[in-house]
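Engineer: Residue numbers (the working numbering), protein chains in the order written: chain A, 1 to 581; chain B, 1001 to 1581.
For the record, the hints were derived by calculation from the structure and aren't laboratory data.
Backbone N, C-alpha and C fix where the C-beta goes; we use that ideal spot for every residue, glycine too.
A portion of the hints provided could be inaccurate.
With a cut-off of at most 25 Å between alpha-carbon atoms, the simulated SDA-like pairs for lysine to any residue come out as follows [as the list claims (entries may be wrong)]: (1) B:K1429 - A:Q507; (2) A:K12 - B:S1009; (3) B:K1499 - A:T216; (4) A:K351 - A:F376; (5) B:K1126 - A:D493; (6) B:K1499 - A:K12; (7) A:K2 - A:Q507; (8) A:K126 - B:S1009; (9) A:K12 - A:K432; (10) B:K1126 - A:E533; (11) A:K432 - A:S36.
Which bits of chain B does chain A cover? Going by a derived footprint, with three or more residues having C-beta under 8 Å, they are [unchecked claim]: (12) 1070 to 1084; (13) 1144 to 1151; (14) 1267 to 1279.
Reference excerpt, derived from the structure (chain A facing chain B, CB under 7 Å, subset only) [as the list claims (entries may be wrong)]: (15) I8; (16) L11; (17) S36; (18) G65; (19) C69; (20) M71; (21) P72; (22) D98; (23) R99; (24) D103; (25) M157; (26) L349.
There are 2 protein chains.
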Amino acid sequence: MKASQFLISTLKEAPADAEVVSHQLMTRAGMIKRLSAGVYTYMPMGLRVIRKVEAIVREEMNRAGAVECSMPVVQPAELWRETGRFQTMGPELLRIQDRHERDFVVQPTSEEAVTDIARQDFRSYKQLPKNLYQIQTKFRDERRPRFGLMRGREFVMKDAYSFDRDEAGAKASYQIMARAYRAIFDRFGLSYRAVAADSGAIGGDLSEEFQVIASTGEDAIVYSTGSGYAANMEKAESAAPAAPRPGAGQALTKTPTPGKSTCADVAELLSIPLKSTVKSLVLATDTLDDQGEVGKTQVWLLLLRGDHDMNEIKVGKLPGLNESFRFATVPEIIEHFGTKPGYLGPIQLKKPVKVVADREVAVMADWVCGANEEDFHLTGVNWGRDLPEPDLVADIRNVVAGDPSPDGQGELAIQRGIEVGHIFFLGTKYSKAMNATFLDEDGKPKHFQMGCYGIGVTRLPAAAIEQNHDERGIIWPDAIAPFTLVICPVGMDRSEAVKASAESLYQDLVAAGVDVILDDRGERPGAMFADWELIGVPHRVTIGDRGLKEGQVEYQHRRDAAPTKVAAADITAFVKGRLGA
Amino acid sequence: MKASQFLISTLKEAPADAEVVSHQLMTRAGMIKRLSAGVYTYMPMGLRVIRKVEAIVREEMNRAGAVECSMPVVQPAELWRETGRFQTMGPELLRIQDRHERDFVVQPTSEEAVTDIARQDFRSYKQLPKNLYQIQTKFRDERRPRFGLMRGREFVMKDAYSFDRDEAGAKASYQIMARAYRAIFDRFGLSYRAVAADSGAIGGDLSEEFQVIASTGEDAIVYSTGSGYAANMEKAESAAPAAPRPGAGQALTKTPTPGKSTCADVAELLSIPLKSTVKSLVLATDTLDDQGEVGKTQVWLLLLRGDHDMNEIKVGKLPGLNESFRFATVPEIIEHFGTKPGYLGPIQLKKPVKVVADREVAVMADWVCGANEEDFHLTGVNWGRDLPEPDLVADIRNVVAGDPSPDGQGELAIQRGIEVGHIFFLGTKYSKAMNATFLDEDGKPKHFQMGCYGIGVTRLPAAAIEQNHDERGIIWPDAIAPFTLVICPVGMDRSEAVKASAESLYQDLVAAGVDVILDDRGERPGAMFADWELIGVPHRVTIGDRGLKEGQVEYQHRRDAAPTKVAAADITAFVKGRLGA
């Protein structure tokens, strides 16, 4: 490609609404252009990156035996009513009425459409397993679209769906995708982690997120310094406390703590470590009667160490709390504890509640908690002596850095990540809702066992930039760079030698299959270099009149601090060596 | 590709709603699957065809200097309000409101979005010309979607838009596209015609349609048997009548024609040729006053030969009728002619009308028309003697087969076509509406001169099938076949020799870059052959045990009546020769 035949449109300033560096740099580099909130045109420079991402994804999906199709962007609501998602999905689902006032949606994913294909086409177990995928435009009407392609409304996703005759088959299909995803993310040339994720109501351990590591990532990801264990914060566990509960060493004492309603304030006031305090969280669950009205409400007191945070996913899996809990109201709290939040604790309740202690709290002695009286806390609290053992002991907290890894090997560390892929065992959730069956070997209809597998094709370039940039611009990995190499001739219009040398190198590299761009725009060197450093093309060859007179040109990788002089006669071979071309 | 790893899903019966052969065959061959009226999933077999169409289009567009981008599917209504199309486009434009009740549309084309890019990015004449294109999902909410991919609601279009500093530049850009389109359609391997089309209000001759020839096509296209002249029916002209008007030979006579209200009926009654009759069409134009109310109405009488039809586009270009005419109402007709339609003519009017005679009518003598009296016609009518010369003589009719070509070379012939491409000079229609300007060399802002260029990517395969099929199924041209060649091993499960031979040929052809599929499903020969004939793969090699014992395999092109025996040892070379691989 020659720059004069391409569209290069760089900006000095990022738009005011660009909060993150990938949004700023993609806009400044002319890769994306905002059409509406969360809706972007992929400009030629950006589209080249997206196409390279697509090509890698497509190759590895095909290699893994998945078959590409393309489902409609505009889908009939009737399918989405079958699974109930038309009703339950909320305003994220973009709804349309056509000219005949029939309801449609713009696809956010395609479980319904693909399950509809399966129930028509996959009639016999002999046709299974099958994995259908598409790389197609999606829309999610985010309440607050932001960060450019990171949290856009319209985006491109690769979504794959596997269909198997039984759970063992579905799990094998899942593992094939897990391997394919590692192959895909290895090829992108990014630092990433596959982390275990929560699989929600379906249960089991078959859910992994693929996270590109970046300090600006929205997700906290947890990994062990001593093993391969990795999970997202929702899912991550630490090893249970190893040491038994110490004996009581202090007397139970009511201590005035006026105005100190947080564990941190109390610890500071009493000059004790924060981890000696216990925080009280009050939840409630409602039992519905036959008419669907709230029949009975159960109040729960959750006890966590002062330096720990509740993990809602873990709490939602406890018996009695299964995904339907809510925070208690202030009147409910006053009714049970006799005081308002800030001074709550498990002792001297007005009405009984169910007490759930985090595993760490259950092995504490001489701890501090609220006295259920405004402006007072209790110190020297001890299980058994001052209050009964908790109704339930469980892991209900987020892990923190330094926790022991759950496999006993090493400590947990935490880093930030950007989710760009997610693989998920679905079981029969969709096939049952849509009555999608095949005839099994015994002649009986059975529901498909399904899995779904997504990659955020347009989010990936943004994540790559969050990980790879400097103050001058983007630094693309070779695999997904818009161009692999740029030839920058200095003074091309004044020097026939420069022009001829640049053209010759260009032709040689094109012939060698290198994705090269020759900047023949005639820009000044400073502006030209700034453009390409902003755009982030990883390899650059600069050809100037002075160098050529000494038989030399310059090579510089985008990460190099300074250029390397290379004999002009050797530059093609040198570049091919650097690129492995 | 091996069939066992692909998705082959053929049907014996076409769906009841499939009226045309391409819809029937694409559905039966498992290439598309209906999700909703006019909304289809492109199944793996169909997607391969679409991807090949896309690749050819992309290569030739890039070669012609166009640059690919991708504009959003969901576009904000505010842009569409700038050009007025949000208000004027009617229910074909699919409208959406997002969660904040802001209006959006699903793009039917992207003139607005691309002009918005141009007015932001193309600031100087130095950046021009530019041509931006995309291959992207579109939606038009057709009142009556039908014919599968021929008239769907969701479809894929390649749409390109050129931006130039002046009209000469825009016309040069148009010609570059005209050549690129010929290169694209040549590569598809279809019989097609580029035909002149009407360019509407913009004027000029810069509008061409690319029509795939098919007897089932919706469009009538006109071409000369003696030259390269071709146009669609709206646009096509014939040479003006060469012979002068003959002198009058008959007396004007009022003849009873009871109940004969059409030219055909009258010609039959009087035993004269239909082309000796003249039909009267009554139009009206309304002049609006300052308040926008109808001020004055002008009634027009159009005279056409009895065997000719009016061409509304041509009529709409006449002075005084410019695109705003309507058919007159019955009261208006009675007011001017004294009788109701069926017996109208230009003689003995009650109130004056403007008379427009088609060029052919103007040179007639002794003709027949209505007498402006129910159940009576006039015969022996002659211009000058019986009525004044017409107010206007013009070409206002559709051409018919046998008309002389307008370039004087050959006769016109008519065939049916399917429009799959359209190129169009737009001028400043969109750039003025959206105030899209660049700074010209003189430092002044000027409006872009634009062109737009479309190809119906998903309609093209349907058109190819309408042109290329037989009673057994589709016959793909090599360039866009889902697979170029299929290897059909007979009795692969029983014969190691067949299996080894098929596998060996498969590997050889893959290595030679042939897009080959090996049917390893183990189907019976009859079912296997029927599948591939339905799917329309153009080249087939059949390998059977009996043939192999004689050292032979069979090659058959999809159009061949019978297979050709080829020495097994030579089959790779034979196939490569046939494919030019």
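Engineer: Determine for every hint whether it applies to the structure shown.
Structural biologist: Evaluation of the provided hints:
Under the criterion of a C-alpha separation no larger than 25 Å, the hint pairing K1429 of chain B with Q507 of chain A is inconsistent with the structure, at around 41 Å. Taking the CA atoms of K12 of chain A and S1009 of chain B, the gap is about 54 Å. The hint is violated against a cut of 25 Å. Taking the CA atoms of K1499 of chain B and T216 of chain A, the gap is near 55 Å; set against the 25 Å cutoff, the hint is violated. The hinted pair formed by K351 of chain A and F376 of chain A meets the criterion: a straight-line CA distance of about 19 Å does not exceed 25 Å.
With a C-alpha separation of about 16 Å, the suggested pair K1126 of chain B and D493 of chain A falls inside the 25 Å cut-off, and the hint holds. Restraint check for K1499 of chain B and K12 of chain A: the C-alpha separation of about 63 Å exceeds 25 Å, so the hint is violated. Of the supplied pair hints, the one linking K2 of chain A and Q507 of chain A holds, its CA atoms being roughly 11 Å apart against a limit of 25 Å. For the hint linking K126 of chain A to S1009 of chain B, the alpha-carbon distance of about 13 Å falls within 25 Å, and the restraint holds.
Proposed proximity of K12 of chain A and K432 of chain A is contradicted: the alpha carbons are some 54 Å apart, above 25 Å. As the CA atoms of K1126 of chain B and E533 of chain A are separated by approximately 23 Å, the hinted pair is consistent with the 25 Å bound. A distance of roughly 38 Å separates the Cα atoms of K432 of chain A and S36 of chain A; the hinted pair therefore is violated under the 25 Å criterion. Counting residues of the stretch 1070 to 1084 of chain B whose beta carbon lies closer than 8 Å to any beta carbon of chain A gives 8, which reaches the threshold of three, so the coverage claim holds.
Counting residues of the stretch 1144 to 1151 of chain B whose beta carbon lies closer than 8 Å to any beta carbon of chain A gives 0, which falls below the threshold of three, so the coverage claim is violated. Only when three residues or more bring their CB closer than 8 Å to a CB of chain A does the claim for the stretch 1267 to 1279 of chain B stand; here the count is 0, and the claim is violated. Contact between I8 of chain A and chain B, as hinted, is not supported at the beta carbon level, the nearest pair being about 10 Å apart and thus beyond 7 Å. Annotation: interface hint on L11 of chain A violated; nearest CB of chain B at approximately 10 Å, more than 7 Å.
For S36 of chain A, the interface hint holds, since its Cβ comes within 7 Å of a Cβ in chain B; the closest pair sits about 4 Å apart. About 5 Å separates the beta-carbon of G65 of chain A from the nearest beta-carbon of chain B, less than 7 Å, and the hint is met. Because the beta carbon of C69 of chain A sits about 5 Å from the nearest beta carbon in chain B, less than 7 Å, this interface hint is met. Because the closest C-beta pair between M71 of chain A and chain B is about 5 Å apart, less than 7 Å, the hint holds.
Because the beta carbon of P72 of chain A sits about 5 Å from the nearest beta carbon in chain B, less than 7 Å, this interface hint is met. Contact between D98 of chain A and chain B, as hinted, is supported at the beta carbon level, the nearest pair being about 5 Å apart and thus within 7 Å. Interface hint at R99 of chain A: satisfied, since its Cβ lies 4 Å from the closest Cβ of chain B, which is below the 7 Å cut-off. About 11 Å separates the beta-carbon of D103 of chain A from the nearest beta-carbon of chain B, more than 7 Å, and the hint is not met.
For M157 of chain A, the interface hint is violated, since its Cβ never comes within 7 Å of a Cβ in chain B; the closest pair sits about 13 Å apart. Taking 7 Å as the C-beta cut-off, the interface hint given for L349 of chain A is violated, the closest approach to chain B being about 43 Å.
Comparing the model with each earlier hint shows violations of hints 1, 2, 3, 6, 9, 11, 13, 14, 15, 16, 24, 25 and 26; every other hint is respected.
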